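This is what each chain is made of:
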Amino acid sequence: MAGILVYALHDDEGNFNKNSLGAISEAAKLAGQIGGEATALVVGDVADDAAAGLGKYGAAKVYRAKNVPEGLAQPIVDAMAKVIGDNGISYALFGGGLLGFEIGAGLTARLGAGVTMEVTAVKVQDGKLVAERPILQDSEIADVGYVSEPGIIIGRLNAFDINETGGTAAVEDVEVELSPWSTKATMVQRGEQRGADVNIEDADILVGGGRGLGAAEGFKLAEELAESMGGAVAATRAVVDAGWYPYAAQIGQTGKTVAPKLYLAAGISGAIQHKVGMQNSENILAINKDPNAPIFEFSDLGVVGDLHKIVPKLTEAIKAKKGG
Amino acid sequence: MKICVLVKEVPDAAVQKRIDPSTMRLDRSGEKNLNPFDTHALEAAMQIKEGGAIPVEEVVAVTMGPDSAVRALHKAVALGADRSVQLTDDALAGSDVCATGYSLAKVLESESPDLVLLGQQSDDGECYTIGAVVADHLQMPSLTQVIKIDVTDGKLRCERQAEYGYDTVEIELPAVISVGDAINEPRYPSLKAIMGAKKKPLDNKGAGDVGIDAGQVGEAGSKTKVLALNPPPAKEAGEIIEDEDTNETVEKIVAWLDERKLI
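Just so you know, the protein sequences line up as chains F and Y, in that order. In terms of the numbering used here, the first sequence opens at residue 400 and continues consecutively. In terms of the numbering used here, the second sequence opens at residue 464 and continues consecutively.
Since the hints were made in silico from the structure, they are not lab data. Worth double-checking, as some hints may not be accurate.
Reference excerpt, derived from the structure (chain F facing chain Y, CB under 10 Å, subset only) [unchecked claim]:
| hint | residue |
| --- | --- |
| 1 | Ile551 |
| 2 | Val573 |
| 3 | Thr585 |
| 4 | Val587 |
| 5 | Gln588 |
| 6 | Ala614 |
| 7 | Ala615 |
| 8 | Lys619 |
| 9 | Tyr646 |
| 10 | Thr653 |
| 11 | Asn682 |
| 12 | Phe697 |
| 13 | Lys720 |
Fair warning: this is a prediction, and the values are worked out from it, not measured in the lab. Using N, Cα and C, we set each Cβ at its ideal position, and we do this for glycine too.
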């Protein structure tokens with residue numbers, strides 16, 4: 400059976416991750432073309448109807464490993480390896496996200512399988528899957544094929560669209576024996592929110608702040624600029640991890656995805672992990688002192704200069720214009 | 464305990480990177496440097512060693528790469544590693560992630576480390592996966608993109624950001640941990656350390672020395688194959704303003720915003 404298995408990640412309330420749902424829809428489309436089924440794996444205490452509900456996105460069957468904890472990769476590698484081996488599955492597909500990277504990588508070692516990551520699209524050639532992976536700061540796209548099965552495909556964030564086709568999946572419980580090393584990491588606390596709760600997803604105008612702001616105090620410049628335009632402030636992962644700005648304002652790979660009318664990037668280099676969270680903004684304006692910053696390659700207006708000089712004057716000019 | 468830090472030589476950030484169309488591999492000629500993410504892993508190793516919560520006998524820098532990669536090892540030693548190991552073999556050229564992870568695991572196995580540290584990604588491959596591949600081969604617990612490590616009672620308490628916020632995870636040793644760049648500010652090597660780096664022991668190992676099965680590595684042993692390279696969908700290049708006179712720059716920005724009815 401030339402099936403495709405998708406790992407469906409869920410949070411502590413049982414909500415499935417939308418990147419996982421997108422991966423299921425993508426798998427269903429591809430499975431039809433290579434002559435197989437799309438199946439999904441869920442771990443932990445997922446209710447029958449929640450598991451069966453993944454059929455709505457295209458899963459023909461859902462494997463449920465109740466004894467496997469959610470949130471850490473290695474126990475899920477055990478579960479995926481078992482389901483792939485027992486059912487002769489040809490490909491494992493992951494939506495974007497940290498855990499998918501870790502599980503996919505672990506499976507690569509476990510199964511001696513080829514892996515492609517940061518995949519933005521998957522196509523079928525001669526009945527086999529070929530992954531499209533942008534490389535060298537997205538300047539080229541490599542078509543990557545698999546020499547043998549199974550093959551592992553790890554998507555980039557937001558790579559796969561959710562497609563609701565309706566339907567209910569059969570649910571099959573699987574008993575998974577955990578590897579000794581899979582039980583040596585223990586989740587102490589999952590999903591802790593740090594810093595104030597801010598809403599950036601509904602803003603039409605976002606000022607994104609990165610390392611170029613220089614310090615936590617630098618965010619004052621971004622806040623004043625955002626305020627002058629009636630917008631909100633977002634941040635890169637680097638500055639959130641450094642404690643300069645709250646986690647709720649983070650955009651990118653492990654943060655939020657936004658598409659405002661204007662995204663004004665202040666001191667943001669434009670690493671792929673950030674780009675995937677904001678590249679669909681209608682207008683992108685970047686201010687950065689490094690003329691080689693990747694952000695200039697996907698901004699509509701790029702300003703090469705010192706933001707500490709430009710931003711305060713820009714804030715004043717916008718205020719004056721609005722006031723006048 | 465013994466800490467092994469995986470390091471990699473990558474093209475310097477300023478070098479325009481390209482793929483050699485005849486091999487479909489990254490053209491690695493030109494100026495090279497130690498992968499910047501690896502300096503955070505080395506710093507993390509030094510902080511554990513200096514922190515004293517657990518005695519660290521040695522920090523060993525380990526790399527896989529051609530002869531030139533020795534310079535990355537010299538840098539790693541200048542940053543504090545006690546010695547280094549280089550796995551180099553023509554048979555390894557063209558290895559994909561699966562084959563590279565296997566090879567690194569084999570060379571690490573020969574060192575029996577209690578902790579393996581590495582940077583969360585390489586500057587050239589933009590790949591976040593090697594740590595988890597190596598860990599499964601070594602049958603050790605692992606965590607990637609870690610931004611805080613505390614050693615307590617012989618275990619590691621690690622923090623990292625995942626899909627839903629910050630996770631705190633307790634991990635038993637031996638373990639494989641990849642670190643994010645927010646974990647620390649790497650130190651600068653002292654002149655004395657730079658001068659002394661070449662005198663520190665460096666072991667050269669071939670694939671056979673660490674028991675690598677030649678059939679599982681190199682281009683022939685890889686499980687993925689680059690079939691083609693295509694340009695990305697064309698995107699209209701944006702306008703660029705060089706800030707010379709800031710008042711003028713601001714005027715241009717405001718006009719641009721105004722045109723699009725954004726203010």
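*Mind checking the CB of threonine 585 of chain F against every CB in chain Y and telling me if the closest is under 10 Å?*
holds, 5 Å
*Would the stated hint for threonine 653 of chain F survive a check requiring a Cβ distance to chain Y of less than 10 Å?*
At 5 Å from the nearest chain Y Cβ, threonine 653 of chain F passes the 10 Å test, so the hint holds.
*Restraint satisfaction for phenylalanine 697 of chain F [CB to CB of chain Y, less than 10 Å]*: The hint holds - phenylalanine 697 of chain F has a Cβ within 10 Å of chain Y, the shortest such distance being about 7 Å.
_Tell me if the interface restraint on isoleucine 551 of chain F is satisfied: Cβ within less than 10 Å of some Cβ in chain Y._
holds, 9 Å
*Quick one, is the lysine 720 of chain F hint okay against chain Y at 10 Å, beta carbons?*
Result: holds, 6 Å to nearest chain Y Cβ.
*asked:* Holds or violated: the hint that valine 573 of chain F contacts chain Y, with Cβ atoms closer than 10 Å.
replied: Status violated, d = 20 Å.
_Closest C-beta approach of tyrosine 646 of chain F to chain Y relative to 10 Å, hint status_ = holds, 6 Å
*Does the CB of alanine 614 of chain F sit less than 10 Å away from some CB of chain Y?*
Violated: closest Cβ of chain Y sits about 13 Å from alanine 614 of chain F, beyond 10 Å.
*asked:* Min Cβ distance, alanine 615 of chain F to chain Y: is it shorter than 10 Å?
replied: Violated. Min distance 13 Å.
*Per the CB criterion, is asparagine 682 of chain F less than 10 Å away from chain Y?*
holds, 6 Å
*Would the hint on glutamine 588 of chain F stand, with a C-beta cut-off of 10 Å toward chain Y?*
With a minimum Cβ separation of about 4 Å from chain Y (threshold 10 Å), the hint on glutamine 588 of chain F holds.
*Does lysine 619 of chain F meet its interface restraint, that is, does its C-beta lie within less than 10 Å of any C-beta in chain Y?*
violated, 18 Å
Comparing the model with each numbered hint stated earlier shows that hints 2, 6, 7, 8 do not hold.
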